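Asker: Throw the hints in and build the complete structure from the sequences for me.
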Amino acid sequence: MANKSVWSDNRFWQRSATWITGFASILLIWLTFDTSAQISMGTDEDIQNGVKKKVPGATVINYRITYEMDAKRGHEVPVIGGKEKFFGRDDWSEEEAAAMLHLGKLGSQAKNCMDCHTLLGNGAYYAPDLTKAWLDPAWGPDGSMQAMTGKSTKEEAIAEFLQHPDQYPTHARMMPNLNITEKEAIGLVAFLKHMSSIDTNGFPRNFGKIKGAINGK
Amino acid sequence: MFEPFTDMVPSFFGWLNQGPLTLTIFLHTVIILPMFWIYAQEKKRLENEK
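Keeping their order, the protein sequence lines are chains E and U.
Quick note: the first sequence uses our numbering, first residue 1128, plus one each step.
Quick note: the second sequence uses our numbering, first residue 26, plus one each step.
Honestly, the hints are just simulated from the structure, not real lab data.
Predicted model, so just to flag it, every value in this text is computed and none were measured.
Just so you know, even glycine gets a beta-carbon here, dropped at the ideal spot from N, CA and C.
Careful: at least some of the hints might be erroneous.
Negatives, chain U to chain E, calculated, CB over 12 Å [as the list claims (entries may be wrong)]:
| no. | residue |
| --- | --- |
| 1 | SER36 |
| 2 | PRO45 |
| 3 | LEU46 |
| 4 | THR49 |
| 5 | ILE50 |
Here are the simulated lysine-lysine pairs, DSS-like style, with alpha carbons at most 25 Å apart [stated by the list, open to error]:
| no. | chain 1 | residue 1 | chain 2 | residue 2 |
| --- | --- | --- | --- | --- |
| 6 | E | LYS1232 | E | LYS1212 |
| 7 | U | LYS68 | E | LYS1131 |
| 8 | U | LYS69 | E | LYS1131 |
| 9 | E | LYS1179 | E | LYS1210 |
| 10 | E | LYS1238 | E | LYS1210 |
| 11 | E | LYS1232 | E | LYS1278 |
| 12 | E | LYS1232 | E | LYS1179 |
| 13 | U | LYS69 | E | LYS1179 |
| 14 | E | LYS1310 | E | LYS1278 |
Answerer: What follows is the structure, encoded as C-alpha cells:
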C-alpha cells in the first residue's frame, strides 16, 4: 500500500468531527442552563437584602432607580436606591406588582409597541428605545415631557402620555392614539420601570451620554 | 489581552467572554489540541497497518 497521509484518512476527520460536535453540544447545553439561571427574576427579599440580580423582582417598582456609571464595567448600570412612591404607594406587594407587570407586558404586546419602539434589543428604531425610557430625564421633575403633560410625577406623566399620545406634539413621527386605558397605562409604566432596572450590560449603548439624557452635558 | 472580570454574576461563560483572546484560547485548547492527539493516534494506526 502506498504511503497514506493522515489528512486523507477518513477516520481522522470522523473522530475530529465527533469530538468537536460532542464537546460543543455539551457546552451549549451547559450555556442554556447557565443563562436560565442568570436571567431568572429576583424576589422582593433579594431587593431588600441587596442581592444583585440581572432581572430584579417585580417589587422594584417601589424603589428609586438610577443609572450610574460603573468605572470598572465601563458603562452605566441601573442602581436600586431607597423607597420611592409609585402611583402614590411604595408598598406594592409582590403579587400586586407582578400583576401590574403582567398587565403591562400583555399591553405592550397587544398594542405592538415593538412595531416602532425597541424593548431590550427587540423591535424597531422608528421611535425611541424604551429599554431605559423610565430613566430618561425628560420624564423627570425638570423634564420637558413631564412639564408638557402637566403632571407632578414621572409615572403619572408617562401614564397620561400613553393614554393621549396624539395630544402631545413630541416629534414629527408622533405616537398614534392606541386607545390605551388608564389601568393598562399604569401597567405599562410599571413594566417600563421594571425594565429600566434590568442590568443589560450597558445596552442601549451611550444612552446616558446622549445630550439631554442622563449624565448628558 | 486579558481584561478584568467585571460581570455582576460570576459565571464560566462570563469569564470566557471577558476579552478578545479568552474564547479563542479556550476553543483552541479544547478543539485543536485534542485534534493533534487524534492525528498522532491515527498516524500510528496507519503506520502499523502498513
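Asker: Against which earlier hints does the structure fall short, listed by number upward?
Answerer: 1, 10 and 13
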